[in-house]
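Asks: Sequence:
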Amino acid sequence: MTTATRVYVARLAGLAVYDPNGDQVGRVRDAVARVRQDAAPRVIGLVAEMPLRRRIFIPIGRVTAIEPGSVVLSSGTLNLRRFEQRPGELLVLEQMLDRRVIPTDSPRPATVVDIAMESDRSGDWTLTRVAVRGTTGRLARRGHLRQLEWDEVRGLVGPPAGQGTASLLAMLDNMRPADLANVLQDLAEGRRFEVAAALDNERLADVLQELPEHDQVEILAALEPQRAAEVLEEMDPDDAADVLAELPKPEQEELLDLMQPQEADPVRRLLDYRPGTAGSVMTSEPVVLTPDATVAEALARIREPQLSPAVAAQVFVTRAPMATPTGRYLGAVHFQRLLREAPAELLGGVIDTDIDPLDPDTPLPEITRRLATYNLVAMAVVDDRDRLVGAVTVDDVLDHLLPADWRERDSAGASRD
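Numbering (numbering that gives the first Met the number 0), first residue to last: 0 to 416.
Calculated from the structure, these hints are not laboratory results.
Note that the Cβ used here is the ideal one computed from N, Cα and C, for glycine as well.
Any given hint could be a false lead.
Okay, derived cross-link-like pairs now, SDA-like style, lysine to any residue, Cα gap no bigger than 20 Å in a straight line [stated by the list, open to error]:
no. : residue 1 : residue 2
1   : K248      : P224
2   : K248      : E229
3   : K248      : E232
4   : K248      : E262
5   : K248      : L288
6   : K248      : L222
7   : K248      : E209
8   : K248      : Q225
9   : K248      : A220
10  : K248      : D205
11  : K248      : R268
12  : K248      : E284
13  : K248      : R226
14  : K248      : D214
15  : K248      : R273
16  : K248      : Q259
17  : K248      : V216
18  : K248      : P260
19  : K248      : D271
20  : K248      : L270
21  : K248      : P274
22  : K248      : E217
Computed spacing ranges between beta-carbons, pair by pair [what the hints assert, rightly or not]:
no. : residue 1 : residue 2 : range
23  : A221      : E284      : 47 to 55 Å
24  : G87       : P249      : 55 to 63 Å
25  : D394      : P106      : 52 to 60 Å
26  : T4        : E88       : 20 to 28 Å
Use the sequences and the hints to build the structure in full.
Replies: Put into structure tokens, the structure is as follows:
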């Protein structure tokens, strides 16, 4: 098995980590280096993310191969305690990417875009080369990319003179929102706010929905009110309502007033329901069609990529209008039934009316029992005028049945080999 002897750390991020048996144990998220007084930092290990969002430390001595698509370990026995950074250590990507530095051969500052680690004959790894992009002083022009030796750059260690986000965001670009939320939780508070603010509104909304509520509130509070309102508009109404419910009433109203009325109205309605009921956990934007729509139209609708699997699992059929609160609720058609029917068949002829919808005041335990009893992933919520006002999905229920801190990172102390 061959292995690289020089690796740029940003290219390691996201690589799968395998044990000697070929079983994946996690993915690389960063490299850990120990600062030395008169020499370049020595790499002592990697930070890997395990299932269930736990970051662990893997000593560099356990790494037997670094290949283009994977990192291979010498042993499958790992210390599963959560990684915590120690004094004198650097997280290469988190703390050094996008740092403003000064090349020794130029007075003009540059920005770090990557750092190479290199192994010697004894197998020790050291940070050796720095890829930097110079500044031009002109708008819309990028400086030249250069590779310099570690000792040819000033400002690599110690408090940064400035640190942007472009290179870090490029590295995180393909992450799922839940994984990016996980990364944000591990960043220092100031850095977390910088990275969150640099995300576009849609991406930030997706990430916020995966964070604990106190982190959601802190990030929104760090944004300008107008920007915070725009991000809330991009969130699912039920998630936006959950975040706003954590804010004092005056701040709630300020943000709701800044939102577009068509985006704020469903959120206001959700905030009116009692906590722990169907109304408080439902989504107000299920898939809704009228009975004269065809099976082909329904299948096209549930194929839309922005729909979650639970929302796309069924179509709710109502009289017009189709926006909640709709016209009279008629029933539901599950996607498996749609697959069995002729494309030209009308939904009105294939709806399921056997299961009674939920009332907005139905408590969570009752919702859970009914979902389990009928093996459903979603149920309609109907008001006292037989109008569909939303749907409770299984992920909504799980989110509220799990402990309040289920999105928090494991806080167990770190102990390394």
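Asks: Are there hints from earlier that the structure breaks, and if so, what are their numbers?
Replies: 5, 7, 10, 12, 23, 24
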